[in-house]
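In mature numbering (1 follows the signal peptide of the UniProt record, and there is no 0), the protein residues as written are -18 to -1, 1 to 65.
Some hints here could point you the wrong way.
Pairwise CB distance ranges (calculated) [as the list claims (entries may be wrong)]:
1) F9 / L(-14): 24 to 32 Å
2) L(-6) / H28: 17 to 25 Å
3) T31 / F(-10): 41 to 49 Å
4) V56 / K32: 17 to 25 Å
5) V46 / R8: 30 to 38 Å
6) F52 / H28: 34 to 42 Å
7) T57 / A(-17): 32 to 40 Å
8) E27 / I55: 13 to 21 Å
Worth flagging that the hints you see were computed from the coordinates, not collected in a lab. For each residue, glycine too, the CB sits at the ideal point set by N, CA and C.
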Amino acid sequence: MAFTLWNLFEATLLCLNAVCILNEDRFLAKVGWSAKSGNVQGFGEHPSTKAQMFNLLHSIRTVVRIPLIFLNIVTILFKLILG
């Protein structure tokens, strides 16, 4: 099987699905990436790497949720029709 653009799209879709279903309390709190872990910084301080990763995960969940539903439906229909 060759590496195609469709395979890259499916891999990206699966990774976005994985990010969107992560449970903050169960998985992210164990590594300190939850909102309750105290990601408070002072004015002018650069955020830590964990705080940046948490913000990235939270942003992905907020922005990608609705388009992800549409992309999943399109992918499922494509797989059903073309195999």
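These are the hints, each one checked on the structure:
no., hint, in the structure
1, F9 / L(-14): 24 to 32 Å, "holds (31 Å)"
2, L(-6) / H28: 17 to 25 Å, "violated (33 Å)"
3, T31 / F(-10): 41 to 49 Å, "violated (29 Å)"
4, V56 / K32: 17 to 25 Å, "violated (34 Å)"
5, V46 / R8: 30 to 38 Å, "violated (21 Å)"
6, F52 / H28: 34 to 42 Å, "holds (36 Å)"
7, T57 / A(-17): 32 to 40 Å, "violated (19 Å)"
8, E27 / I55: 13 to 21 Å, "violated (43 Å)"
The structure does not agree with the numbered hints 2, 3, 4, 5, 7 and 8 stated previously, though it agrees with the rest.
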